[in-house]
Amino acid sequence: GSVFFAAAMGFYPQLGIVDAAFCVLVDGVQHNLRASRRSGGERLGLSVGPISIAIDAPLEQLTLRVAANDGPLAGELHFTARHFPIEEPRFTRRNGTRLFMDYTRMTQNGDWSGWLSVDGQRVEVGTDWAGTRDRSWGIRPVGAAEPQPPQGNFHQFFWLWTPCNFADRSLFFHSNDDGEGAPWNRRAVLVGGDGAERHYADPAFAAEWQPGTRRLSKLTADFDGSTRLTLTPSGPIFAMSGLGYTHPLWGHGFDHGDLEVAHDSLSEAERLWGNPLAMHVQSLVRADLADGDRSDSGIGVLEQLFVGPHAPTGLTGLMDPA
Numbered sequence: 010g011s012v013f014f015a016a017a018m019g020f021y022p023q024l025g026i027v028d029a030a031f032c033v034l035v036d037g038v039q040h041n042l043r044a045s046r047r048s049g050g051e052r053l054g055l056s057v058g059p060i061s062i063a064i065d066a067p068l069e070q071l072t073l074r075v076a077a078n079d080g081p082l083a084g085e086l087h088f089t090a091r092h093f094p095i096e097e098p099r100f101t102r103r104n105g106t107r108l109f110m111d112y113t114r115m116t117q118n119g120d121w122s123g124w125l126s127v128d129g130q131r132v133e134v135g136t137d138w139a140g141t142r143d144r145s146w147g148i149r150p151v152g153a154a155e156p157q158p159p160q161g162n163f164h165q166f167f168w169l170w171t172p173c174n175f176a177d178r179s180l181f182f183h184s185n186d187d188g189e190g191a192p193w194n195r196r197a198v199l200v201g202g203d204g205a206e207r208h209y210a211d212p213a214f215a216a217e218w219q220p221g222t223r224r225l226s227k228l229t230a231d232f233d234g235s236t237r238l239t240l241t242p243s244g245p246i247f248a249m250s251g252l253g254y255t256h257p258l259w260g261h262g263f264d265h266g267d268l269e270v271a272h273d274s275l276s277e278a279e280r281l282w283g284n285p286l287a288m289h290v291q292s293l294v295r296a297d298l299a300d301g302d303r304s305d306s307g308i309g310v311l312e313q314l315f316v317g318p319h320a321p322t323g324l325t326g327l328m329d330p331a
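For the sequence shown, the working numbering assigns the number 10 to the initial residue and increments by one for each residue that follows.
One thing to keep in mind: the hints can contain errors.
To be verified - Distance ranges between label pairs, derived from CB positions:
#1 Pro159 <-> Asp36: 42 to 48 Å
#2 Val132 <-> Leu327: 35 to 41 Å
#3 Asp211 <-> Trp146: 24 to 30 Å
#4 Pro150 <-> Pro220: 27 to 33 Å
Simulated from the structure, these hints should not be mistaken for laboratory data.
Here a beta-carbon is modelled for each residue, glycine too, at the ideal position from N, C-alpha and C.
Using the sequences and the hints, build the whole thing.
What follows is the structure, encoded as structure tokens:
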């Protein structure tokens, strides 16, 4: 857990925009590289400025390249899947009568290899580096804000996502809940070493909060009478604004002209609770899975975005701390 990296690439054909980001968290500092270009209707060009992706074997292998640029980040990273992707239930949500999101997503754990560098310091990435990738398509709130938003506009959003890697298994759990705690999209999937999937349609979970924040200190999820996942934060916080989420200038689908590339960084202090750039976060976690007579320990991330109330966990107000 000494080095954490993340990357994203988004195509918005209705806006004519493609954007990408690459972030590395090391020595307490999160370095962010972002790029955006106009697509001209082209959907097959998998490069934005210095960031590019190559599909080496569909649904099995890909390569992420970050060419040298005027910022501190570069690298060449290869992803090899551990299993066939899982498909999450379709996400459909409305604000009043207006469609807010309607998309489908597949998710896949895998191993990473290659190298990355920060300020010229090279880090070798071995095959013992575990991670996750996802691919979604459909409708999301992207681009410039609506000039005439619907009544009762965005005031509540509860999101948990927990991809976990174990020695020979993968586990995924997510939950979108309304303010009363009723899930409108929740699922868990346990993928065995042989690729067999066990689906849990209605898991239950319990949250413990870091005092004075909306950040979790522990999450426990019960999938059935004999399968329980416990997640405990074990590393630094990664701010999803590095990838564009909720960023006021580099939000997904924003128009920056024919091509623009930018970079910045977030210190550990700047990623503390209270900074709007660090409300949507991922935390590196220790994952402990009890499955009948079997126990596994591994690593994962705990993605969290909590806006508005959530009765079962005690959240009230728009951003009141727990």
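Evaluated hints:
Judged by the Cβ atoms, the range 42 to 48 Å given for proline 159 and aspartate 36 holds: they are separated by roughly 44 Å. Judged by the Cβ atoms, the range 35 to 41 Å given for valine 132 and leucine 327 holds: they are separated by roughly 39 Å. Here the CB-CB span from aspartate 211 to tryptophan 146 is close to 26 Å, well matched to the stated 24 to 30 Å. Distance hint check: the CB atoms of proline 150 and proline 220 are about 32 Å apart, consistent with the given range 27 to 33 Å.
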